[in-house]
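Starting from the structure of chain A, add chain B where the hints point.
Sequences listed follow chains A and B, in order.
Residue numbers are given in my numbering: position 112 of the first sequence equals residue 112, and the series is strictly consecutive.
Residue numbers are given in my numbering: position 268 of the second sequence equals residue 268, and the series is strictly consecutive.
Any given hint could be a false lead.
Some, not all, of what chain A presents toward chain B, calculated at C-beta under 7 Å [to be verified]: (1) Leu19; (2) Gln134; (3) Gln196; (4) Thr239; (5) Glu257; (6) Arg258.
Honestly, the hints are just simulated from the structure, not real lab data.
Each residue gets a CB set at the ideal place from its N, CA and C atoms; glycine is no exception.
Protein chains: 2
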Amino acid sequence: MARVHNYFAGPAALPLEALKAAQEELLDFRGTGMSVMEISHRSKEFDELHNETISLFKELSGLGDNFKVLLLQGGASLQFAMVPMNFLSEGKSADYILTGAWSKKAIKEAKILGNTRVAGTTEKDGIFSSIPKQEDLDLDNNAVYCHVTSNNTIFGTQWRSFPDTGSVPLVGDMSSDILSRRFDTSRFGVIYAGAQKNLGPSGVTIVAIREDMMEKANEGLLTLLNYKTHIDKNSLFNTPPCFAIYMVNLSLKWVKERGGLDAMEKENNEKAKLIYGTIDGNKDFFRCPIEPESRSFMNVVFRLPNEDLEKKFIEDGKNAGFIGLKGHRSVGGIRVSIYNANTLDSVKDVVEFMKNFATSNG
Amino acid sequence: MARVHNYFAGPAALPLEALKAAQEELLDFRGTGMSVMEISHRSKEFDELHNETISLFKELSGLGDNFKVLLLQGGASLQFAMVPMNFLSEGKSADYILTGAWSKKAIKEAKILGNTRVAGTTEKDGIFSSIPKQEDLDLDNNAVYCHVTSNNTIFGTQWRSFPDTGSVPLVGDMSSDILSRRFDTSRFGVIYAGAQKNLGPSGVTIVAIREDMMEKANEGLLTLLNYKTHIDKNSLFNTPPCFAIYMVNLSLKWVKERGGLDAMEKENNEKAKLIYGTIDGNKDFFRCPIEPESRSFMNVVFRLPNEDLEKKFIEDGKNAGFIGLKGHRSVGGIRVSIYNANTLDSVKDVVEFMKNFATSNG
Chain A
1 MARVHNYFAG PAALPLEALK AAQEELLDFR GTGMSVMEIS HRSKEFDELH
51 NETISLFKEL SGLGDNFKVL LLQGGASLQF AMVPMNFLSE GKSADYILTG
101 AWSKKAIKEA KILGNTRVAG TTEKDGIFSS IPKQEDLDLD NNAVYCHVTS
151 NNTIFGTQWR SFPDTGSVPL VGDMSSDILS RRFDTSRFGV IYAGAQKNLG
201 PSGVTIVAIR EDMMEKANEG LLTLLNYKTH IDKNSLFNTP PCFAIYMVNL
251 SLKWVKERGG LDAMEKENNE KAKLIYGTID GNKDFFRCPI EPESRSFMNV
301 VFRLPNEDLE KKFIEDGKNA GFIGLKGHRS VGGIRVSIYN ANTLDSVKDV
351 VEFMKNFATS NG
Chain B
1 MARVHNYFAG PAALPLEALK AAQEELLDFR GTGMSVMEIS HRSKEFDELH
51 NETISLFKEL SGLGDNFKVL LLQGGASLQF AMVPMNFLSE GKSADYILTG
101 AWSKKAIKEA KILGNTRVAG TTEKDGIFSS IPKQEDLDLD NNAVYCHVTS
151 NNTIFGTQWR SFPDTGSVPL VGDMSSDILS RRFDTSRFGV IYAGAQKNLG
201 PSGVTIVAIR EDMMEKANEG LLTLLNYKTH IDKNSLFNTP PCFAIYMVNL
251 SLKWVKERGG LDAMEKENNE KAKLIYGTID GNKDFFRCPI EPESRSFMNV
301 VFRLPNEDLE KKFIEDGKNA GFIGLKGHRS VGGIRVSIYN ANTLDSVKDV
351 VEFMKNFATS NG
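Pulled out of the complex, with its shape left as it was, chain A reads as follows (with noise of 0.2 Å):
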């Protein structure tokens, strides 16, 4: 079958170069005779790929020499129990502000493990139709970090800009954003996202830790949850998830070919606004429940009069080859995810499907 317009959450469209460079040299990785998924996670091979992919990452993030760079399994949600399990000690306490699904995940194995607060939210009957404003948080100046959810993929909010902590360092699950703008990396403690969505395949997780934060970090942990075994070991303790991370190194790659983090948030700055611009051009049809600052700029919700024509659009749209745009199970109506991989011509093609959709059911 042809190549369809993947809108999906997450796992997610990969970049399509990316895919063909695997694919043409599945069998025979970089001249070895053997697949990267069989090469020894000890070889020279690998290791030139792994430290590799580590450095572009640093590189393209911009992120300064002070962080360690792991490529760790679990997807995020292993790190909602690593982040507290590794920093918040006995007597302390940590921030969380609470945005959505994910966040409220993060703040359950924080509990587990000690005095967590929630700074702050805009939760209203279960429901996020926008990120917290700076005066309305209830900020711990002697929290050990404070939690942020950089995109809430569900509820399809961003932090726009991220919230004033002082001296607290923030810690971000950036799982559905990361590498899609530029932002002062260096207010973060901790910094991870599951690959899935803006920079590979599931089933690797990048983790940035800012060398300080190992001065607080609690000791006598299992060895696998303790970031000083990852960092001692270049993420190398055990074997690790190979061929995601070879896939994370193409996608790399092909940001850096196409202009690095500057050029992909232009793009994706575009993008957004191509969507939300003709849903706000056509408010007799399309209804983006979503405070306009708190938009996201990933995954893009929006409602159409009912449920038969959000239905309607769904199956026309798959019909048409627009894969994925039904929202999350939670809150339903239309989610449109356009990370970096979705291109701008894919982008223009949805924005006129909603265009020729909205005239036909309007």
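This is chain B only, laid out in the frame that chain A set:
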């Protein structure tokens, strides 16, 4: 470059047919117009793949219906922690049989979590050249489980038959010999295996749990480290490592097409017999340091008259297309890893190479 003879200990050779199938549909999984890496783990297409993989594994491995099969991340190393976290309760003790580096790591994690006994070992000055005999074990009849490492990749030993632990359930780390032979699965409470030796690529771990084990499982655990989470959600609580699962699926299909577990075992026995036969038939030149009844049929470890010849053997082997013959850095010597995907024809070529090398250098 032409495909080489891959004898890495893991990540290791994959069935060529599985790699070719993956290559063929890398841009278009089962007619979806997307790569298997790009489809949502909540899609019908992924769900089918996921359940198919679990069913195939149960069918091929001969597990009873009273086992739940999970597909997790983190490798066997995370299971070293998860097994005692879930089953080693307050006031109870677990037995571990120490047969090498991997058992040692498993014991280290269990000791952090609770009472742990070493119920037997053959360690002498850090070397393990055999598997303990039943009469040398000091088993605790009240242990919550007895942990064994079924095959020891570094030292080249393997439990040819598992110890009798009475009513105490066995827990087996079978990362390096899963699906290589038939055994009585009903005596095991938990079987776990990183995929990257006999099942597929790195990045996914198969865990089979006998249902009655969960009746005594610990509660209040961190969500992602709780087996119950994954049992209740059929391993789809969070995003699974989709591509690794897909490759396991293709590898399992290959096993089935080749005649299933009995055919694998027959060929594995033949392969092991060929190499050990060559070693024992050239005793002036080759020497296997492992007691005959403890020899691994997966990792054949042997020595040459001196280290210079070993270096030359590895180097000449590489030039002749045999990759990964170097023993583990902690023990030196030669290691030939012959997992399911290492074909009989390739092993015949290795044996030919060994014989020629002995003749030319003996």
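Hint by hint, here is what the structure shows:
Restraint check, Leu19 (chain A) versus chain B: the minimum CB separation of about 5 Å is within 7 Å; hint holds. Against a cut-off of 7 Å between C-beta atoms, the interface hint on Gln134 (chain A) is violated, since the closest Cβ of chain B lies about 31 Å away. About 6 Å separates the beta-carbon of Gln196 (chain A) from the nearest beta-carbon of chain B, less than 7 Å, and the hint is met. Look at Thr239 (chain A): its Cβ gets to within about 5 Å of chain B, closer than 7 Å, so that hint holds up.
The interface hint given for Glu257 (chain A) is broken, as the beta carbon of that residue sits about 19 Å from the closest beta carbon of chain B, more than 7 Å. Violation of the interface hint for Arg258 (chain A) is found here, the shortest Cβ-Cβ separation to chain B being roughly 18 Å, above the 7 Å cut-off.
Of the numbered hints listed earlier, those contradicted by the structure are 2, 5 and 6.
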